[in-house]
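Participant: The listed protein sequences derive, respectively, from chains A and B. In this text, residue positions in the first sequence follow this note's numbering: the first is -8, and each later residue adds one. In this text, residue positions in the second sequence follow this note's numbering: the first is 4, and each later residue adds one.
To be clear, the hints were calculated from the coordinates, so they are not data collected in a lab. Each hint should be verified, as a subset may be incorrect.
Said to hold, decoys possible - Only pairs whose alpha carbons sit at most 25 Å apart, straight line, appear in this in silico SDA-like list of lysine to any residue:
#	chain 1	residue 1	chain 2	residue 2
1	B	Lys160	A	Ala84
2	A	Lys37	A	Glu25
3	A	Lys7	B	Asp84
4	A	Lys108	B	Leu79
5	A	Lys7	B	Leu28
6	A	Lys7	B	Lys160
7	A	Lys22	A	Ala84
8	A	Lys7	B	Thr146
9	A	Lys7	B	Thr24
10	A	Lys7	B	Ile19
11	A	Lys63	B	Ala117
12	A	Lys7	B	Gly20
On a predicted model such as this, the values are computed, not experimentally measured, just so you know.
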Amino acid sequence: MAVDILIVDDSAAIRKILQRVLYQAEVPVGKIFEANDGAEALDVLKQNRVGLILSDINMPNMDGLQLLGELKGAASAHKDVPIVMITTEGSQAKVMEAVNLGAVGYVRKPFTAEQIKEKLVGLI
Amino acid sequence: MDIHELLAEEIGSATIGVLTTMLALEAEAGPPTLSAVETGPSHGVAAIVGVAGPYSGTGSVVCTETVACRLAGAMLMSEYDSVNEDVLDAMGEIANMVIGNIKTNLEERFGAMALTTPTVIHGGDFSTRASGKNTWTVVPFTTGGDGFFVQMMLVEKAGRVSSGPAMPVAVAL
């Protein structure tokens, strides 16, 4: 069954590259939604349910870790949605913070299509 | 190894890593130089990212419009004849990845640092400078006959810069 996916990144270039990788990954991708930051992502999720979220960390307005905190919070309707962080923030502290907040995966930019595909195994 | 040698090495490996992985481009680094001002063409695109923490400063990727279009085209698998939103966004993301990876590698030595979101300047007759009298480590690159510069200025927080990122100021010439 096709899975709807939300891509959250303030770079349209990265959103476009991730879309291309997803369509090439031979996984059942449904609709792909896009958001420019965490706040926009929450707006998208008010109207739509998705099966996977790919999110940057370093974004204006609401960053990826704040978004993660919101989505994994007790009152969230999306707490079971797997979230993979895709970011230049590769420090051990940031990785641990994301994992502790509930991220299921972490990919450091620059990334290869294979690295993204590997992270999707078992999630879609 | 002093800070400039360290930055030159990090700029070289991060830039080549980003170009190889995300743009499928081979690149070669030229000899690094030190400069009191940011280096590069005064017409074109400058993508700038600030760093703050135990060491603060600024990093940038600077090139002509033609090279910016080629780098963006390689990244997005498209062709661009002129600089548009896609090109500016791609240049910002290239700078974000290059400077972000340098920052992450330097954190092992200097401690945790924060990264600003990228600022991209496009136009003619501009130059950029950081506040204070600091020295840039400048590395020229060539890829497929095109040239561009990646440079970084980083100083210890207790020294000459404030606790915030040293964002450059665009100056009309």
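Participant: A separate judgement is required for each hint: does it hold in the structure or not?
Facilitator: Hints versus structure:
no. : hint                : in the structure
1   : B:Lys160 to A:Ala84 : holds, 21 Å
2   : A:Lys37 to A:Glu25  : holds, 13 Å
3   : A:Lys7 to B:Asp84   : holds, 19 Å
4   : A:Lys108 to B:Leu79 : holds, 19 Å
5   : A:Lys7 to B:Leu28   : holds, 19 Å
6   : A:Lys7 to B:Lys160  : violated, 37 Å
7   : A:Lys22 to A:Ala84  : violated, 33 Å
8   : A:Lys7 to B:Thr146  : holds, 23 Å
9   : A:Lys7 to B:Thr24   : holds, 16 Å
10  : A:Lys7 to B:Ile19   : holds, 22 Å
11  : A:Lys63 to B:Ala117 : holds, 24 Å
12  : A:Lys7 to B:Gly20   : holds, 20 Å
Violated hints, listed in ascending order, are 6, 7; each of the other numbered hints is respected by the structure.
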